[in-house]
Amino acid sequence: MLFLSIVLMYACSKNEDEIIAPEKQITFSVPSNFTAPAYHFEDNKITNAGFALGKKLFYDARLSADKSVSCGSCHQQFAAFANLDHKVSHGVNNCQGKRNAPPLFNLAWQKAFFWDGGVKNIETSPLNAITDACEMGTDVETIINLLKNTSPYPQMFNKAFGSVEINSQRILKSITQFMAVLVSGNSKYDLVMRKENGASFNSLELAGYHLFKEKCSSCHAEPLFTDFSYRNNGLDLVSADEGRSHITGLATDFGTFRIPTLRNIEYTGPYMHDGRFYSLDEVLEHYNSGIKPSPNLDPLLKSGIPLNSSEKEQIKAFLKTLTDNEFIKNTLYSES
Amino acid sequence: MLATQIFIAFRMTINPFYLTQFHKMKLSQYFLAFLCPIILFTSCKKSDDEITADAKSSFTIEFEHQVNGVPLVLNNATYKNAKGEDFKISIFKYYVSNIKLTKADGTTYLLPESYFLIDESKNTSKIITLNNVPTGDYTKIEYTIGVDYARNFAGAQTGALDPVNGMFWTWNSGYIFVKLEGTSPQSTAANNALTFHIGGVVDPNNTIRNFSTEINAANPLRIRTDGKPNMHFIVNAAALFTGKTDISFSTLNFTMGGANSVIVADNYAKGLFRLDHIHN
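Residue numbers (numbering that gives the first Met the number 0), protein chains in the order written: chain A, 0 to 335; chain B, 0 to 279.
Since the hints were made in silico from the structure, they are not lab data. Among the hints, erroneous ones may be present.
[Claimed, not checked] Some chain B residues judged to face chain A by a derived CB distance under 8 Å, without partners named:
{"no.": "1", "residue": "Ala149"}
{"no.": "2", "residue": "Gln156"}
{"no.": "3", "residue": "Thr157"}
{"no.": "4", "residue": "Pro162"}
{"no.": "5", "residue": "Trp170"}
{"no.": "6", "residue": "Glu180"}
{"no.": "7", "residue": "Pro184"}
{"no.": "8", "residue": "Gln185"}
{"no.": "9", "residue": "Asn215"}
{"no.": "10", "residue": "Ala216"}
[Claimed, not checked] Okay, the calculated bits of chain A under chain B, using three or more residues with CB under 8 Å as the criterion:
{"no.": "11", "segment": "88-97"}
{"no.": "12", "segment": "134-144"}
{"no.": "13", "segment": "246-255"}
{"no.": "14", "segment": "316-323"}
[Claimed, not checked] Label-pair ranges, simulated between beta-carbon atoms:
{"no.": "15", "chain 1": "B", "residue 1": "Thr194", "chain 2": "A", "residue 2": "Asp235", "range": "25 to 35 Å"}
{"no.": "16", "chain 1": "A", "residue 1": "Pro305", "chain 2": "B", "residue 2": "Gly257", "range": "32 to 42 Å"}
{"no.": "17", "chain 1": "A", "residue 1": "His39", "chain 2": "B", "residue 2": "Thr194", "range": "36 to 46 Å"}
{"no.": "18", "chain 1": "B", "residue 1": "Ala103", "chain 2": "A", "residue 2": "Pro298", "range": "32 to 42 Å"}
{"no.": "19", "chain 1": "A", "residue 1": "Asn324", "chain 2": "B", "residue 2": "Phe253", "range": "28 to 38 Å"}
{"no.": "20", "chain 1": "A", "residue 1": "Ala132", "chain 2": "B", "residue 2": "Leu73", "range": "18 to 28 Å"}
{"no.": "21", "chain 1": "A", "residue 1": "Leu83", "chain 2": "B", "residue 2": "Trp170", "range": "18 to 28 Å"}
Think of the CB as a built atom: it goes at the ideal place given N, C-alpha and C, for glycine as much as any other residue.
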């Protein structure tokens, strides 16, 4: 018996001898100055094949109704996966959506998605863009049929999930592998916070950081630069977009929107849920002088945020330390 | 198990490759190898005991769709709501989930992963089979009309909960628990449409409703290894529009969650299902 068992053990240990692929293992990493993420990948283990499939789906315009729009069309890496120079999303058949495409990064820390927080799980978040008549204008069944008949998708699903079966769960989980791995945590701000490479703010940035903590961080809380709450920031007396109340049905949520992150803000313009401001100067001037007393205006903004011109320059200098060029240029995330 | 080992031993004797590998093995592996069969044999014995301890079998539930006592026929038949208004039905589908059975002594069994989408247009969906149920006499059945809170936000699902089934709201995460579409001359909506998409799990507009019914103790649900009973429910689609609040299609003909969906859910909570009989 001992003798036979030894042979069994040999069979078990055989796999260890296999040559490990030289390909770099895709991982999800939490920067040390970040809080704990909300998404944990327990039911969606990251694999290189799953990530590669998710990335290919993300950049494939053939998925949309007129084969003109991919996820990547409105979520561009050079804009930190927001949409450069577009107030609102530009979907199939030249349809204009009603809201500004948010940047995609650090999504694993987010518990609700879209400007109104209507979607509660990152895995189901792509469905909105896939089915919206003004975005990709299609449905999952159509996409499944397309993928089944489009090489190399069946092989890629096989590699990622162990069989050629293509279903909505596999599509969504692989896109999630791509999206959730998009972590931006290597800005100058992060290096300063982590005391890496002797990084430090210059005097303008440091003054801006102090001002920021005093005037902005109650909503744009560090380290993710959002507290994930929904607030009205006085853009209009009566909001043209009902915002959060579309989801909750509560009058007190009318015209409130999710606080956006400020990371990579240098590249994510235009700003606000409807993309009305093209520059950071316009945004800061709005808080300085443009706050409108709408009924649901956030109490913290009742008197606006007075800022003189040198304070604005200081805040802008600090905000630019939130740019993560390593993330924006990481070819791992690029269309290939 | 033993046969496999004999087979491998046989291969070893004829294949010198195995012998070379054998010599390369570390001492710790000998020790593990010695433990290996002991663990395997122990675990085999244990699972045998478990199987004899509580036997399991299956039963079926059939959902017969009606409108106020007459069979539901999609698109063509005309029915009347409690207000006397004519209507036709083109789509009727709903979720039944988290099925729980109770024995006379109060012990309960919750069927794991029990999520079913019943669709009038798909005959096979109207008879569901429930497997691996402990045998015994059950005197009560409960289930959720819809989908429990957690599963509404649990990420990408398959099977009955797959979003391709057209019962998942993409803009406001969550399942449509009950979907009824049709027409009524009284409807003020375009094309006289009726659109009742009931769902939502957040107060004050939570539409999760649980249904429960006692089973006559004289003829309980008798699940046996050699007996697979069938429960027969009558499902009255008109229950959406009466019960707690009689609905007029002139004032309520469209709802996709929210307060109006709660009115409909409160109606069907009690009136949608009726246990008609059990074939033991």
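Checked hints:
no. : hint                            : in the structure
1   : Ala149                          : violated, 11 Å
2   : Gln156                          : holds, 6 Å
3   : Thr157                          : holds, 5 Å
4   : Pro162                          : holds, 6 Å
5   : Trp170                          : holds, 5 Å
6   : Glu180                          : violated, 17 Å
7   : Pro184                          : violated, 29 Å
8   : Gln185                          : violated, 25 Å
9   : Asn215                          : violated, 41 Å
10  : Ala216                          : violated, 42 Å
11  : 88-97                           : violated (count 0)
12  : 134-144                         : holds (count 4)
13  : 246-255                         : holds (count 3)
14  : 316-323                         : violated (count 0)
15  : B:Thr194 x A:Asp235: 25 to 35 Å : holds, 31 Å
16  : A:Pro305 x B:Gly257: 32 to 42 Å : holds, 40 Å
17  : A:His39 x B:Thr194: 36 to 46 Å  : holds, 38 Å
18  : B:Ala103 x A:Pro298: 32 to 42 Å : violated, 58 Å
19  : A:Asn324 x B:Phe253: 28 to 38 Å : violated, 50 Å
20  : A:Ala132 x B:Leu73: 18 to 28 Å  : holds, 26 Å
21  : A:Leu83 x B:Trp170: 18 to 28 Å  : holds, 25 Å
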